[in-house]
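Asker: Respectively, the protein sequence lines represent chains H and Z.
Taking my numbering, the leading residue of the first sequence gets 1, the next gets one more, and so forth.
Taking my numbering, the leading residue of the second sequence gets 313, the next gets one more, and so forth.
Hints are computed from structural coordinates only; laboratory data are not their basis.
Honestly, I wouldn't trust all of these hints.
Here are the simulated SDA-like pairs of lysine to any residue, each with C-alpha atoms no more than 25 Å apart in a straight line [said to hold, decoys possible]:
hint: 1; chain 1: H; residue 1: K203; chain 2: Z; residue 2: L449
hint: 2; chain 1: Z; residue 1: K453; chain 2: H; residue 2: M197
hint: 3; chain 1: H; residue 1: K203; chain 2: Z; residue 2: S444
hint: 4; chain 1: Z; residue 1: K453; chain 2: H; residue 2: Q194
hint: 5; chain 1: H; residue 1: K203; chain 2: Z; residue 2: P447
hint: 6; chain 1: Z; residue 1: K400; chain 2: Z; residue 2: V384
hint: 7; chain 1: H; residue 1: K203; chain 2: H; residue 2: F177
hint: 8; chain 1: H; residue 1: K203; chain 2: Z; residue 2: R445
hint: 9; chain 1: Z; residue 1: K462; chain 2: H; residue 2: Y163
hint: 10; chain 1: H; residue 1: K277; chain 2: H; residue 2: L251
hint: 11; chain 1: H; residue 1: K15; chain 2: Z; residue 2: K453
hint: 12; chain 1: Z; residue 1: K453; chain 2: H; residue 2: R92
hint: 13; chain 1: H; residue 1: K15; chain 2: H; residue 2: R5
hint: 14; chain 1: H; residue 1: K203; chain 2: Z; residue 2: E415
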Amino acid sequence: MLKGRDVLSILDFTKGELERLFETAFEMEKKGRGKLRLLEGKILATAFFEPSTRTRLSFEAAMLRLGGSAVGFSDVGRTSLAKGENLADTIRMLDAYADAIVIRHPIEGAAKLAAEVAKSPVINAGDGSRHHPTQAMIDLYTIWRELGGIDGKRIAVLGDLRYGRAATSLIYGLTSFGIEKLFLVSPPSLRLRQEVMDFLGGKVNFSEVENVGEVIGDIDVLYVTRVQRERFPDPAEYEKIKRSYRVDLGLLEKAKDSLIVLHPLPKVGEIDLEVDKTNFARYFKQAAYGVPVRMAILSLVLGAVGRLNDQT
Amino acid sequence: MTKPEELVVRRIRNGTVIDHIPAGQALNVLKILGVRGVEDFMIALMMNAKSSKLGRKDIVKMEGRQLIPEEVDKIALIAPEATINIIKDYRVTEKMKVRLPDEIEGIVRCTNPNCISRQPREPVTPSFKVISRNPTLLVCKYCGTYVSHKDVVAQYAALAGS
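Hey, can you work out the whole structure from these sequences and the hints?
Answerer: This is the structure we're talking about:
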């Protein structure tokens with residue numbers, strides 16, 4: 001049962017629950033662009049303590065498509081927090097106003113605190129560098145949708161695996177599926193954190209590689225994330241490694257024809273623009289899946305999915 | 313039979329003996345118990361005693377002081393192999409090994425400064441799952457950061473210095 005559940009980490013969900021979510025998202029996709037009335041009369045609060053474009057807008061779009069309404073803020077400077085209110089009190093207020101709360105916060109564990117304080121379901125839209133479960137659900141859904149399943153796939157995750165919450169959450173999410181191989185491709189200073197590595201042990205067959213060229217011919221999915229300049233104390237070091245984390249047509253020459261390239265977006269140069277036009281590129285589709293997947297999440301946690309088939 | 317260390321520190325009549333503390337950690341054990349030496353009971357502290365099990369060990373004896381279960385848990389954080397002896401009338405009436413519970417709350421601070429449990433004015437009690445007991449390894453329930461035996465010792469050592 002997903003009704004009333006918080007969505008704090010992708011690890012809170014079993015494979016069966018994720019598959020149920022995918023099937024619901026697929027149903028939502030099939031309903032097209034029409035407006036459903038599944039969440040009529042319900043209000044979603046979006047509390048964005050950190051800037052976001054697609055996560056916030058796709059949650060709000062999802063809520064509106066389900067017939068509900070959305071209220072919220074994305075500029076902390078204009079809220080009581082600027083006056084020094086603590087997070088717990090802000091959440092208590094939102095809890096009184098809305099039926100579910102979506103929160104993004106720069107502090108790790110903020111969503112868990114929000115869930116402890118709120119009676120309504122809390123959905124973590126990214127806290128610090130740890131969890132971004134709904135992004136992982138979209139990423140997994142994209143693989144499921146584009147390749148017909150996740151089990152048995154060979155997957156490489158490229159970029160900042162240390163601080164990137166999308167990459168970390170996807171890696172956690174993949175442990176629920178029987179993937180054949182996971183390649184972790186990152187500069188040494190941005191390797192996966194030890195606690196995540198320990199978690200993978202025994203659950204997933206994985207290896208760490210420094211150069212994506214070594215594995216490009218051997219994978220079904222290439223998940224690319226940004227390697228941010230500001231993570232490198234020495235700009236020269238960044239300039240040195242930047243090229244090895246760039247995906248271009250030259251690299252993809254060695255790829256299987258069926259390879260799909262994903263990216264949580266925004267991308268800023270780590271994927272050559274030429275790649276956008278190829279059949280490898282699925283990141284825009286992935287971003288578009290954000291709405292049906294978030295529609296599925298909202299309707300499941302608010303207990304409205306049973307009524308889906310009554311909707312035309 | 314009189315043990316060699318009893319030639320250095322005499323037996324106590326009533327109270328608690330904490331034995332098998334890793335060498336050098338006795339002061340941290342006192343610190344974790346909140347014992348500052350200004351209390352009205354007698355404390356005997358022996359450091360670097362010979363031990364067949366640990367090579368070298370520390371021992372703390374407290375005359376007239378009993379431990380409550382939460383205190384025993386705390387000791388397990390920095391002395392995972394410690395034994396607690398309850399002494400009545402010079403005799404050991406009870407002997408127990410410390411054991412960390414599966415979860416601990418409030419007595420350790422998360423080492424991640426960006427964790428919600430480190431933010432002032434938020435109603436959060438630092439909480440950890442125990443992953444390993446010897447050596448101690450905890451994981452923060454809020455942010456997932458590992459807190460090691462070394463981190464815990466450093467936290468109490470910093471307190472002891474303050």
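Asker: For each hint, tell me whether it holds in the structure or not.
Answerer: These are the hints, each one checked on the structure:
no.	hint	result
1	H:K203 / Z:L449	holds (21 Å)
2	Z:K453 / H:M197	holds (17 Å)
3	H:K203 / Z:S444	holds (19 Å)
4	Z:K453 / H:Q194	holds (16 Å)
5	H:K203 / Z:P447	holds (24 Å)
6	Z:K400 / Z:V384	holds (18 Å)
7	H:K203 / H:F177	holds (9 Å)
8	H:K203 / Z:R445	holds (23 Å)
9	Z:K462 / H:Y163	holds (24 Å)
10	H:K277 / H:L251	holds (15 Å)
11	H:K15 / Z:K453	holds (22 Å)
12	Z:K453 / H:R92	holds (21 Å)
13	H:K15 / H:R5	holds (16 Å)
14	H:K203 / Z:E415	holds (24 Å)
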